[in-house]
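Protein chains: 2
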Amino acid sequence: MPEIRESAAPESVQEHLREIQALLDKQQLVESLVHKQEMPRHELVESLVHKQHVAELQNKLDALHPADIAYVLEALPIDERLAVWDLVKAGRDGEILLEVSDPVRDTLIAYMEPAELVAAAETLDTDELADLAPGLPDEVMQGVFQALPVEEREQLRSAMSYDEDAVGALMDFDLVTIRDDITLEVVLRYLRRLEELPDHTDQIFVVDRAEYLKGVLPVNTLLVNDPDRRVADVMKTDVLRLTPADKAAEAAQAFERYDLVTAPIVDDNGKLIGRVTVDAVLDYVREAAENDRLKLGGLRQEEDIFASVWASVRNRWTWLAVNLVTAFIASRVIGLFEDSIEKLVALAALMPIVSGIGGNSGNQTITMIVRALALGQISQASARALLTKEIAIALLNGVVWGGIIGVFTMLLYRSVLLGLVMTAAMTLNLLVAALFGVFIPMLMSKLGRDPAVGSSVLITAITDSGGFFIFLGLATLFLV
Amino acid sequence: MPEIRESAAPESVQEHLREIQALLDKQQLVESLVHKQEMPRHELVESLVHKQHVAELQNKLDALHPADIAYVLEALPIDERLAVWDLVKAGRDGEILLEVSDPVRDTLIAYMEPAELVAAAETLDTDELADLAPGLPDEVMQGVFQALPVEEREQLRSAMSYDEDAVGALMDFDLVTIRDDITLEVVLRYLRRLEELPDHTDQIFVVDRAEYLKGVLPVNTLLVNDPDRRVADVMKTDVLRLTPADKAAEAAQAFERYDLVTAPIVDDNGKLIGRVTVDAVLDYVREAAENDRLKLGGLRQEEDIFASVWASVRNRWTWLAVNLVTAFIASRVIGLFEDSIEKLVALAALMPIVSGIGGNSGNQTITMIVRALALGQISQASARALLTKEIAIALLNGVVWGGIIGVFTMLLYRSVLLGLVMTAAMTLNLLVAALFGVFIPMLMSKLGRDPAVGSSVLITAITDSGGFFIFLGLATLFLV
Numbered sequence: 038m039p040e041i042r043e044s045a046a047p048e049s050v051q052e053h054l055r056e057i058q059a060l061l062d063k064q065q066l067v068e069s070l071v072h073k074q075e076m077p078r079h080e081l082v083e084s085l086v087h088k089q090h091v092a093e094l095q096n097k098l099d100a101l102h103p104a105d106i107a108y109v110l111e112a113l114p115i116d117e118r119l120a121v122w123d124l125v126k127a128g129r130d131g132e133i134l135l136e137v138s139d140p141v142r143d144t145l146i147a148y149m150e151p152a153e154l155v156a157a158a159e160t161l162d163t164d165e166l167a168d169l170a171p172g173l174p175d176e177v178m179q180g181v182f183q184a185l186p187v188e189e190r191e192q193l194r195s196a197m198s199y200d201e202d203a204v205g206a207l208m209d210f211d212l213v214t215i216r217d218d219i220t221l222e223v224v225l226r227y228l229r230r231l232e233e234l235p236d237h238t239d240q241i242f243v244v245d246r247a248e249y250l251k252g253v254l255p256v257n258t259l260l261v262n263d264p265d266r267r268v269a270d271v272m273k274t275d276v277l278r279l280t281p282a283d284k285a286a287e288a289a290q291a292f293e294r295y296d297l298v299t300a301p302i303v304d305d306n307g308k309l310i311g312r313v314t315v316d317a318v319l320d321y322v323r324e325a326a327e328n329d330r331l332k333l334g335g336l337r338q339e340e341d342i343f344a345s346v347w348a349s350v351r352n353r354w355t356w357l358a359v360n361l362v363t364a365f366i367a368s369r370v371i372g373l374f375e376d377s378i379e380k381l382v383a384l385a386a387l388m389p390i391v392s393g394i395g396g397n398s399g400n401q402t403i404t405m406i407v408r409a410l411a412l413g414q415i416s417q418a419s420a421r422a423l424l425t426k427e428i429a430i431a432l433l434n435g436v437v438w439g440g441i442i443g444v445f446t447m448l449l450y451r452s453v454l455l456g457l458v459m460t461a462a463m464t465l466n467l468l469v470a471a472l473f474g475v476f477i478p479m480l481m482s483k484l485g486r487d488p489a490v491g492s493s494v495l496i497t498a499i500t501d502s503g504g505f506f507i508f509l510g511l512a513t514l515f516l517v
Numbered sequence: 038m039p040e041i042r043e044s045a046a047p048e049s050v051q052e053h054l055r056e057i058q059a060l061l062d063k064q065q066l067v068e069s070l071v072h073k074q075e076m077p078r079h080e081l082v083e084s085l086v087h088k089q090h091v092a093e094l095q096n097k098l099d100a101l102h103p104a105d106i107a108y109v110l111e112a113l114p115i116d117e118r119l120a121v122w123d124l125v126k127a128g129r130d131g132e133i134l135l136e137v138s139d140p141v142r143d144t145l146i147a148y149m150e151p152a153e154l155v156a157a158a159e160t161l162d163t164d165e166l167a168d169l170a171p172g173l174p175d176e177v178m179q180g181v182f183q184a185l186p187v188e189e190r191e192q193l194r195s196a197m198s199y200d201e202d203a204v205g206a207l208m209d210f211d212l213v214t215i216r217d218d219i220t221l222e223v224v225l226r227y228l229r230r231l232e233e234l235p236d237h238t239d240q241i242f243v244v245d246r247a248e249y250l251k252g253v254l255p256v257n258t259l260l261v262n263d264p265d266r267r268v269a270d271v272m273k274t275d276v277l278r279l280t281p282a283d284k285a286a287e288a289a290q291a292f293e294r295y296d297l298v299t300a301p302i303v304d305d306n307g308k309l310i311g312r313v314t315v316d317a318v319l320d321y322v323r324e325a326a327e328n329d330r331l332k333l334g335g336l337r338q339e340e341d342i343f344a345s346v347w348a349s350v351r352n353r354w355t356w357l358a359v360n361l362v363t364a365f366i367a368s369r370v371i372g373l374f375e376d377s378i379e380k381l382v383a384l385a386a387l388m389p390i391v392s393g394i395g396g397n398s399g400n401q402t403i404t405m406i407v408r409a410l411a412l413g414q415i416s417q418a419s420a421r422a423l424l425t426k427e428i429a430i431a432l433l434n435g436v437v438w439g440g441i442i443g444v445f446t447m448l449l450y451r452s453v454l455l456g457l458v459m460t461a462a463m464t465l466n467l468l469v470a471a472l473f474g475v476f477i478p479m480l481m482s483k484l485g486r487d488p489a490v491g492s493s494v495l496i497t498a499i500t501d502s503g504g505f506f507i508f509l510g511l512a513t514l515f516l517v
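Sequence order for the protein chains is A and B. The numbering used here puts the first residue of the first sequence at 38, with every later residue one more than the last. The numbering used here puts the first residue of the second sequence at 38, with every later residue one more than the last.
Just chain A, with the same shape it has in the complex:
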């Protein structure tokens, strides 16, 4: 691993970006770099000034941490991105590919030769390789597999077999193990012989001859205890043990709850097979939160901001199509009452208020229930209490907000009855929102689906069509 060169302040990665952009703007640097072959041997391109700019850019890039280069690549349009990518030292390709977002990685991989990709992949650990593998062409993966020693080939195969939401996908195979019958002095001497410890070594795993995990020796314990003491006397045996099939989200909660830096992963027999480190957990938590937000916003996945129109459109069509269908259904519900609207056109102006408030309120309920479900805090008994509470809130909101809008309606359209219908419709639609706001996520969770995805679309569809039906139906009964 190259030495980590950290930036002096958290802001400075944005300064790096600006400096690199300024260098790229100079002297057609991008064209000369990306379209090398096509360019005639123009004097300017070959000039000393130009060469100096390229060298300056190269130096700048060499001094940056791989994660910072990834950040810069993501923020650059395709041409400039590839120009910078060309200047990155070949030995660092792999690490940087690990750090960039999926869609940006695809643009880089598409631009690389298979041989370059194999070389980049070979600089990585097996657990890192497993993260990269889904985006690599088959021929590259075959080359990579063949180049690996047998043990690592097995590790890669097992790492690739885990679901991305499982602890196995976060597994790191790089760990230090010791026996429990030695003294701390011996441990210290053993570590000194290693020359370098794996990143995030906050504890050393204590195993028996058959690699079964017996406990852990925290480095802090090692440091503060008398070197003559035996590992068995000071090691911690009450340790959180993960298995590869555990849910990553639950492991992340455990890291948060118990303030862990690393945790061992054991197989079903208790044999130590790897570990999870807090940096993988932090990435996982951030990514999971981002995915939730993207899905709530109606995007299928993260978007390269410089993606082609076509790539962006594909990322967004699913939700637009779903929305179109639900909007069409709502439209047909209104169509049922065209006669009533023709007779009392005020209904057309008022109906979106009923559906809109219902949707808003339903989404509030869903947000709360989804969070509680994610934390596993809802039991059968509390579900009933929650529903009762949500219904009480809906009634209160219906009477208050529905009442206010009802009075407005009366004044605006000079009809007491229309105002009353408005209040009644709003209250009923809020009740529908409360009912389905509790019901939909609980049902999805019971069916083993993620209640965060789709619940919002469903509740909005129900409160739209339902709101129109309730309001126009009541109006038809009492007004027309």
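Just so you know, these hints were derived from the structure itself, not from any lab. Note that this is a predicted model, so its numbers are computed, not measured. Check before you lean on any hint, since a few could be wrong.
Unchecked claim - Cβ-Cβ distance ranges computed for the label pairs, FRET-style:
#1 A:A147 to B:L433: 16 to 26 Å
#2 A:E52 to B:D143: 36 to 46 Å
#3 A:R351 to B:L412: 21 to 31 Å
Stated by the list, open to error - Covered stretches of chain A (chain B as the covering partner; in silico rule of three or more C-beta atoms under 8 Å from a C-beta of chain B):
#4 99 to 112
#5 219 to 229
#6 330 to 339
#7 359 to 371
#8 390 to 397
#9 435 to 448
C-beta atoms are modelled at their ideal positions from N, C-alpha and C, and glycine is treated no differently.
We have chain A; now place chain B onto it with these hints.
Okay, now just chain B, sitting in the frame of chain A:
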């Protein structure tokens, strides 16, 4: 600090919850515990069986990690929550209060005597105390201040002065410092004398006589190097230094990017004043993500699922009121065109499709822009490219989806012109959505406001009112 008892598997906190709920259900345990004073000395309550259940519950709680008790408290209805709270050992109150969510903490604090609260606060470090302070009554905070030694009183005052989004709010004062002119052997002996190191000690801070930070000695470096070497020869000097005023979000990104476990905090003169640990960062990232989601869902803050109806209503009214105003405006826009709708009632049924798709598409654009803004990846040049791209996507979607709906409209209402108006209105509204979807978050960010909050409400308001206006306006021009 009490010994950390970690659970055997990440699921098991939910098992603990179920066991505790089962114990609470037995023999009116809750009533007897919470309403002690009011209860007559009923035989049942005094019975051995009852006493045994209380003891069992107590043992169960004593064995749990503070974070797990917090989890259980959050998942219990108020009465049972307070019953369990009563059984928690007094010395652990403080730690548990730190772990529970704000609204649940308020229910616990409201139930405690001032003296109990002062005692609980006194078990905490100053940085932890600063997190708890905003929720404590003034008289309690005065008591706490008086009980603190002068140095810690200053630390508490400074920790409380930072904005909750600043690095200062994540600061931990508990750190080990050394000088650079000693050998590693001396460092090892010094650490051994400390008996216990602060949590998350992955590096030891190297300072001069005046406490200025000169570098860090990673524990791993300490372990693998020859004990005769001097600190100055092996320490790392190229270190990320945070200041208390740095934004917590940027510090979190640095932790993620550089895979840090701790980072030093220095004052403006470079003097070491504290550190940030990865567990605080992980909590921050999780909370920030959760707050975003709550705000997108229209909740002001996290909600205690067992909060009173009144508390929940207050948490939700702001957004409902905003939504009501925007819905009312949209309704008035429709009101402008009542004559047209009276003449062609199909308009009433079709208009929600135009507004709905516009809102959906606008929210997709906003989600993408807000993410890119949060990462600081949008420059002036890329903003123009982004806008062009979004407009191209809007045109494509307008032609395709607008075309499909246009054909449906033609077939349904047997009017080619109405179909064309529908397609044109959808395309125009999608353009409005793209324009404002880029413009709103960029403007908010320029004004120094968080573009994640409110952008979604604004774009929906614009595409609703705008969609109605465009569709009904075009229909009035060409059809009526």
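For each hint, the structure was consulted:
The supplied range of 16 to 26 Å is met by A147 (chain A) and L433 (chain B), whose beta-carbon atoms lie about 23 Å from each other. At about 42 Å, the beta-carbon gap between E52 (chain A) and D143 (chain B) stays in the expected band of 36 to 46 Å. For the hinted restraint 21 to 31 Å between R351 (chain A) and L412 (chain B), the CB-CB distance of approximately 22 Å keeps it satisfied. Residue count for the stretch 99 to 112 of chain A with a Cβ under 8 Å from a Cβ of chain B: 6. That meets the three needed, and the coverage hint holds.
Only residues whose C-beta sits within less than 8 Å of a C-beta in chain B count toward coverage, and the stretch 219 to 229 of chain A has 3 of them, enough to reach three; the restraint holds. Only residues whose beta carbon comes within less than 8 Å of a beta carbon in chain B count, and the stretch 330 to 339 of chain A has 7; three or more means the coverage holds. Under a criterion of three residues with beta carbons nearer than 8 Å to beta carbons of chain B, the stated coverage of the stretch 359 to 371 of chain A is upheld, 9 such residues being counted. Residues of the stretch 390 to 397 of chain A with a Cβ under 8 Å from some Cβ of chain B number 5, which satisfies the need for three, so the listed coverage holds.
With 4 residues carrying a beta carbon less than 8 Å from a beta carbon of chain B, the stretch 435 to 448 of chain A meets the three-residue requirement, and the given coverage holds.
In summary, this structure violates none of the numbered hints.
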